[in-house]
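Chains as they are written, first to last, in this note's numbering: chain R, 1 to 285; chain C, 1 to 309.
Simulated from the structure, these hints should not be mistaken for lab results.
Take the hints with a grain of salt, since some may be wrong.
Claimed, not checked - Partial selection, computed: residues in chain R whose CB lies under 10 Å from chain C:
id: 1; residue: Leu31
id: 2; residue: Leu33
id: 3; residue: Ile34
id: 4; residue: Leu52
id: 5; residue: Ser72
id: 6; residue: Phe75
id: 7; residue: Gly92
id: 8; residue: Gly122
id: 9; residue: Phe125
id: 10; residue: Ile155
id: 11; residue: Ile163
id: 12; residue: Arg175
id: 13; residue: Trp216
id: 14; residue: Asn228
id: 15; residue: Leu260
Unchecked claim - Output of the computed footprint for chain C on chain R, the stretches with three or more beta carbons under 8 Å from beta carbons of chain C:
id: 16; segment: 101–114
id: 17; segment: 182–196
Stated by the list, open to error - Quick list of the computed label-pair ranges, beta carbon to beta carbon:
id: 18; chain 1: R; residue 1: Ile91; chain 2: C; residue 2: Glu162; range: 51 to 59 Å
id: 19; chain 1: R; residue 1: Thr120; chain 2: C; residue 2: Leu89; range: 26 to 34 Å
id: 20; chain 1: R; residue 1: Leu33; chain 2: C; residue 2: Leu89; range: 26 to 34 Å
id: 21; chain 1: C; residue 1: Ser296; chain 2: R; residue 2: Leu197; range: 28 to 36 Å
id: 22; chain 1: C; residue 1: Arg220; chain 2: R; residue 2: Asn228; range: 54 to 62 Å
id: 23; chain 1: R; residue 1: Arg110; chain 2: C; residue 2: Ile210; range: 54 to 62 Å
For glycine and all other residues, C-beta sits at the position ideal for the given N, C-alpha and C.
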Amino acid sequence: MTTQQIRASRGYPDWLTTILQYVIAIFFAILVLIPLITTVIGGFKTNAELLLRPFGLPREWQFSNYTSVLVSEAFRRQLLNSTIVMVGTAIGVLLLSSMPAFVFSRMHFRGRDILFNFFTLGILFPLSVAILPLYITLRQLNLVDSHWGIILPQIAFGLPGNILILRGFFIALPRELDEAAAIDGCTPAGFFVRVLLPLMVPALAAVTVLTMVGSWNNFFLPLLVLNNEQLYTLPMGIMQFQGQFGTDWPRVLAFITLSLVPTIAFYLYAERYIVAGLTAGAVKG
Amino acid sequence: MQQASTSLSERSTVRRKPIKWDQLATIVGFLLPATLLYVGLVLLPVLQSIYFSFFRWNGLGPLQNFIGLGNYTRILGDRVFLNALGHNLLIVVLSIVIQLPLALGLALLVRGQMRGRSIFRMIFFLPFVLSEVVVGVIWNFVYKPQGGLVNTLLQMISPNSEPTAWLATPNTVLYAVFVVIAWKYFGYHMTLYLAGLQNIPTELEEAAQIDGCSRLQALRYITIPLLGSTIRLTIYLSVLGSLQLFDLVWVMTTGGPVGASDTMATYLYKYGFQRFQLGYGSAIAVIMFAICFGFSLIYQRVVMRRDFE
Numbered sequence: 001m002t003t004q005q006i007r008a009s010r011g012y013p014d015w016l017t018t019i020l021q022y023v024i025a026i027f028f029a030i031l032v033l034i035p036l037i038t039t040v041i042g043g044f045k046t047n048a049e050l051l052l053r054p055f056g057l058p059r060e061w062q063f064s065n066y067t068s069v070l071v072s073e074a075f076r077r078q079l080l081n082s083t084i085v086m087v088g089t090a091i092g093v094l095l096l097s098s099m100p101a102f103v104f105s106r107m108h109f110r111g112r113d114i115l116f117n118f119f120t121l122g123i124l125f126p127l128s129v130a131i132l133p134l135y136i137t138l139r140q141l142n143l144v145d146s147h148w149g150i151i152l153p154q155i156a157f158g159l160p161g162n163i164l165i166l167r168g169f170f171i172a173l174p175r176e177l178d179e180a181a182a183i184d185g186c187t188p189a190g191f192f193v194r195v196l197l198p199l200m201v202p203a204l205a206a207v208t209v210l211t212m213v214g215s216w217n218n219f220f221l222p223l224l225v226l227n228n229e230q231l232y233t234l235p236m237g238i239m240q241f242q243g244q245f246g247t248d249w250p251r252v253l254a255f256i257t258l259s260l261v262p263t264i265a266f267y268l269y270a271e272r273y274i275v276a277g278l279t280a281g282a283v284k285g
Numbered sequence: 001m002q003q004a005s006t007s008l009s010e011r012s013t014v015r016r017k018p019i020k021w022d023q024l025a026t027i028v029g030f031l032l033p034a035t036l037l038y039v040g041l042v043l044l045p046v047l048q049s050i051y052f053s054f055f056r057w058n059g060l061g062p063l064q065n066f067i068g069l070g071n072y073t074r075i076l077g078d079r080v081f082l083n084a085l086g087h088n089l090l091i092v093v094l095s096i097v098i099q100l101p102l103a104l105g106l107a108l109l110v111r112g113q114m115r116g117r118s119i120f121r122m123i124f125f126l127p128f129v130l131s132e133v134v135v136g137v138i139w140n141f142v143y144k145p146q147g148g149l150v151n152t153l154l155q156m157i158s159p160n161s162e163p164t165a166w167l168a169t170p171n172t173v174l175y176a177v178f179v180v181i182a183w184k185y186f187g188y189h190m191t192l193y194l195a196g197l198q199n200i201p202t203e204l205e206e207a208a209q210i211d212g213c214s215r216l217q218a219l220r221y222i223t224i225p226l227l228g229s230t231i232r233l234t235i236y237l238s239v240l241g242s243l244q245l246f247d248l249v250w251v252m253t254t255g256g257p258v259g260a261s262d263t264m265a266t267y268l269y270k271y272g273f274q275r276f277q278l279g280y281g282s283a284i285a286v287i288m289f290a291i292c293f294g295f296s297l298i299y300q301r302v303v304m305r306r307d308f309e
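Chain R on its own, in the form it takes in the complex:
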């Protein structure tokens, strides 16, 4: 007996459940999409039209909002700044969490587990607990108003969780690899770089992609660390833009739309890595 037959025998007409299923799913999909779509289209309206008819297509398509953002130096600079911070953080997290994860899973020495627990303790501390002294530390290190002041704390707070996740993946790789590499005269570092890392590419991709999204979206740290507009990342730029053109909503919406383009493109490209990383992270963490 197939599922269909079972349902039919229990008195639910199959087409009815199917239709109901689609009605609910489409309803929620619309709820998700409407704010986004009206944002994109709102950027093409005049201020007066947006006020009267926020829904629907513009009577006359205005391109000036989008072009004014596109030609503005500030927008391109913020894109570049966000990219610099994101790439720096991703490289740092990748290097600095895969190396300890390797040591904690593959090497044997006294105190290893204590050291590992010492690192994973960090999962308990959200950024907000440390934020005030962290700010003072950054000030003493002259990292306020520099991208390093965002990159380094982002790496540091990413370490505990990512070491934990990557260690899990390292442990899953077969032990026999170690012996084979040792017999072939491979050093531990060589074994890590030439044998294990290539096998870990899917896990590393998941960690990297999540780190990139987190860095791209981070607001709290840039809010504290950056005063100089030249260094602003996109979220800071959006806040500033909204403050500046608060009543000129079409322009704000155009700015938002353009800042969404890289995120959504990246999402469409990397969705399965994001999902894989999240589920691995949530389950292991």
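Dock chain C against chain R, hints included.
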């Protein structure tokens, strides 16, 4: 014969000679940079938070105004903080009662063989990858009193209704913020549920239906209990997220109007970075941490214990 003996001796030299130094160098070299960053930027600041919390300090001069638990008694007697804590707890409750069941329902809806399920999943998960700032500004537009989406829609339905300033009215602001939280994060929880559902064989439900269960009974007595560990996990993540809520609130209301949407984190930010009361701010951070940590400990011991086997 000869070959065998050389390879044997080679192997023993590999074992004996370089291994110790090599290993030590690798261990130190691989751990040192991460340890420095972790200790310097995570662990020490956390400890300093605790230390600073016993002083009255503006962050500039030397730390000398030791006031013991003075900051703590002041916080716990401050209505504004207690209200902020209450707002966090309201978001916690709303998330568990509304957001998570919604996410679970949608996960059950788009699993299995529904056509176009991957498109629905992709749409539902999309808001999660957008930044809090982008989402906050978009919803500022949605909630705008004049020409915002919500009020325009309401006026289409009943033309005489007064436009409401959803984010500027103390009675509505928290619920308005919660809607945005649910909009942004339900897809994340749905994705976790879908991952959990993948581990449950569909044969179980089918077998139950053959034995005379209705679909609802099969869900209630088989699927949901088997999904227990995922449900407990999402509750855990959702509570911790709600207790630490900052970005969305800051972008949409900065805690206003008159503190009606303050959370512990916005309260911390206002005292720490706007009024530069670093001792007081640190004490807030410590209390926030104690609440989160206390919850984690109790929840993991009592509720999630069975999932750690």
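Comparing the hints with the structure gives:
no., hint, in the structure
1, Leu31, "holds, 7 Å"
2, Leu33, "holds, 6 Å"
3, Ile34, "holds, 7 Å"
4, Leu52, "holds, 7 Å"
5, Ser72, "violated, 17 Å"
6, Phe75, "violated, 14 Å"
7, Gly92, "holds, 8 Å"
8, Gly122, "holds, 5 Å"
9, Phe125, "holds, 5 Å"
10, Ile155, "holds, 6 Å"
11, Ile163, "holds, 7 Å"
12, Arg175, "violated, 17 Å"
13, Trp216, "holds, 7 Å"
14, Asn228, "violated, 17 Å"
15, Leu260, "holds, 6 Å"
16, 101–114, "holds (count 4)"
17, 182–196, "holds (count 7)"
18, Ile91/R <-> Glu162/C: 51 to 59 Å, "holds, 54 Å"
19, Thr120/R <-> Leu89/C: 26 to 34 Å, "holds, 28 Å"
20, Leu33/R <-> Leu89/C: 26 to 34 Å, "holds, 32 Å"
21, Ser296/C <-> Leu197/R: 28 to 36 Å, "holds, 33 Å"
22, Arg220/C <-> Asn228/R: 54 to 62 Å, "holds, 58 Å"
23, Arg110/R <-> Ile210/C: 54 to 62 Å, "holds, 58 Å"
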